[in-house]
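Visitor: Now for the letters of each chain:
There are 2 protein chains.
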Amino acid sequence: MNNHFGLERLIGHDFSNKALLTQALTHRSFGSTNNERLEFLGDGVLNFIVASQLYLKFPKLDEGDLSRLRAHLVKEPTLGEIALTLNIGDALKLGEGELKSGGWRRPSVLADALEAMIGAVFLDAGFAAAEGVVIKLFTPLIEKIDPKAIGKDPKSLLQEYLQSKKIDVPTYEVLAIEGEAHCQTFRVECRVAKFNIVTQGEGTSRRAAEQQAAELANQEIAAQSK
Amino acid sequence: MNNHFGLERLIGHDFSNKALLTQALTHRSFGSTNNERLEFLGDGVLNFIVASQLYLKFPKLDEGDLSRLRAHLVKEPTLGEIALTLNIGDALKLGEGELKSGGWRRPSVLADALEAMIGAVFLDAGFAAAEGVVIKLFTPLIEKIDPKAIGKDPKSLLQEYLQSKKIDVPTYEVLAIEGEAHCQTFRVECRVAKFNIVTQGEGTSRRAAEQQAAELANQEIAAQSK
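Heads up: the protein sequence lines correspond to chains A and B, in order. Taking the working numbering, the leading residue of the first sequence gets 1, the next gets one more, and so forth. Taking the working numbering, the leading residue of the second sequence gets 1, the next gets one more, and so forth.
One or more hints might be untrue.
Claimed, not checked - The calculated lysine to any residue pairs, modelled on SDA-like cross-linking and capped at a C-alpha distance of 20 Å, are:
(1) Lys60/B with Lys60/A
(2) Lys57/A with Glu36/B
(3) Lys60/B with Ser32/A
(4) Lys60/A with Asn34/B
(5) Lys75/A with Gly31/B
(6) Lys57/A with Thr33/B
(7) Lys60/B with Phe30/A
(8) Lys60/A with Arg28/B
(9) Lys60/A with Gly31/B
(10) Lys60/B with Gly31/A
It is worth saying that the hints were derived from the structure and are not from the lab.
Make a model of the complete structure from these sequences and hints.
Guide: Right, dumping it as structure tokens:
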């Protein structure tokens, strides 16, 4: 059994059952006793605890905004970054192939192990212990989250930005529809007159094409304001 | 404030803060203080508690099977049925339009209110209380769940059924691919020689077409064995 004092200190939980922690750090490439079931459990408890923290911190946000914030906080790249700060990669048990191909630094492997660890804490000591670990790891992220920006689609972001500056909302125009009925491609133009911005987007629906055009307009605005 | 003694008795939780229960039973059509945020919270805690119950009850199932079982237990029709047994419809606060259009019997409305109630229990009395309610409501369903059957795709079900009968696995053959490269339609034949079953499926991918053909084969087998 490995010692993981450092890791336990960083997450703020001292495991009674050290085998649970070891299992959480064991990738499926290492053997049949691995972290996949713990990851299922940990994903659930993590999602819920983050949801409840957001619910309490943002009493005015509706459920759509709360969902978006949660999705941002529990997505793989975010979890992978937290896992990096905990040096989970160094503690992982990987099969030889995964070791050679650098599995210990792959965000998906790291994120899974982090979720599995949170599931292991829940099994080891119950909900309050898991909540304590999640709060410790995620509070820095929740504190600096901007509920207005994260996860919104480009059209909404563009519109809200322009409205906040009291500038006319953008206009969207379909320039072309190509292809047969059930697999059409739309080309849409987005125009922000005030900034002399004209962008084009393409997609398999009018909405998708508009979003792409809006995203490019957002990028131009960001570039202009630098 | 309405009295909901019956409902509280059925779910096994006596609210300290009755306003939370009332809010959980208030549809958005009724007003701005409604159950949508509570539903967000309740969805999270329900998903996790069901996940943890399945984790404990089925120590041999992998995370894919656990996910499928959970999806089956927390899907809208299942929640709607539980809500019916609790007579949640009678306790709902709905706007006039929703009342007239029968919102009190719509599965989505009922399912949302049930999730919101579970979220309200969590806020009212913490995780253990919410866990108690979920266990009370879902244990009958979890007890009778068949982990082998639920949520599996038709191809897997067909193959496993045939293997259990020591019958040769089905063969799949692509009969036709039509349309342009990025919007093709596949037609696939599924053949179960032993039962003289030949079915055809169509889909936008080979896999989708195979699944449809397998589903039809499963239906024929079920019809033959009646």
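Visitor: Next step is simple, just say for each hint if it's right about the structure.
Guide: Evaluated hints:
{"no.": "1", "hint": "Lys60/B with Lys60/A", "in the structure": "violated (43 Å)"}
{"no.": "2", "hint": "Lys57/A with Glu36/B", "in the structure": "holds (16 Å)"}
{"no.": "3", "hint": "Lys60/B with Ser32/A", "in the structure": "holds (11 Å)"}
{"no.": "4", "hint": "Lys60/A with Asn34/B", "in the structure": "holds (12 Å)"}
{"no.": "5", "hint": "Lys75/A with Gly31/B", "in the structure": "violated (33 Å)"}
{"no.": "6", "hint": "Lys57/A with Thr33/B", "in the structure": "holds (18 Å)"}
{"no.": "7", "hint": "Lys60/B with Phe30/A", "in the structure": "holds (18 Å)"}
{"no.": "8", "hint": "Lys60/A with Arg28/B", "in the structure": "holds (15 Å)"}
{"no.": "9", "hint": "Lys60/A with Gly31/B", "in the structure": "holds (15 Å)"}
{"no.": "10", "hint": "Lys60/B with Gly31/A", "in the structure": "holds (15 Å)"}
In summary, the structure is inconsistent with hints 1 and 5 from the numbered list given earlier, while agreeing with the others.
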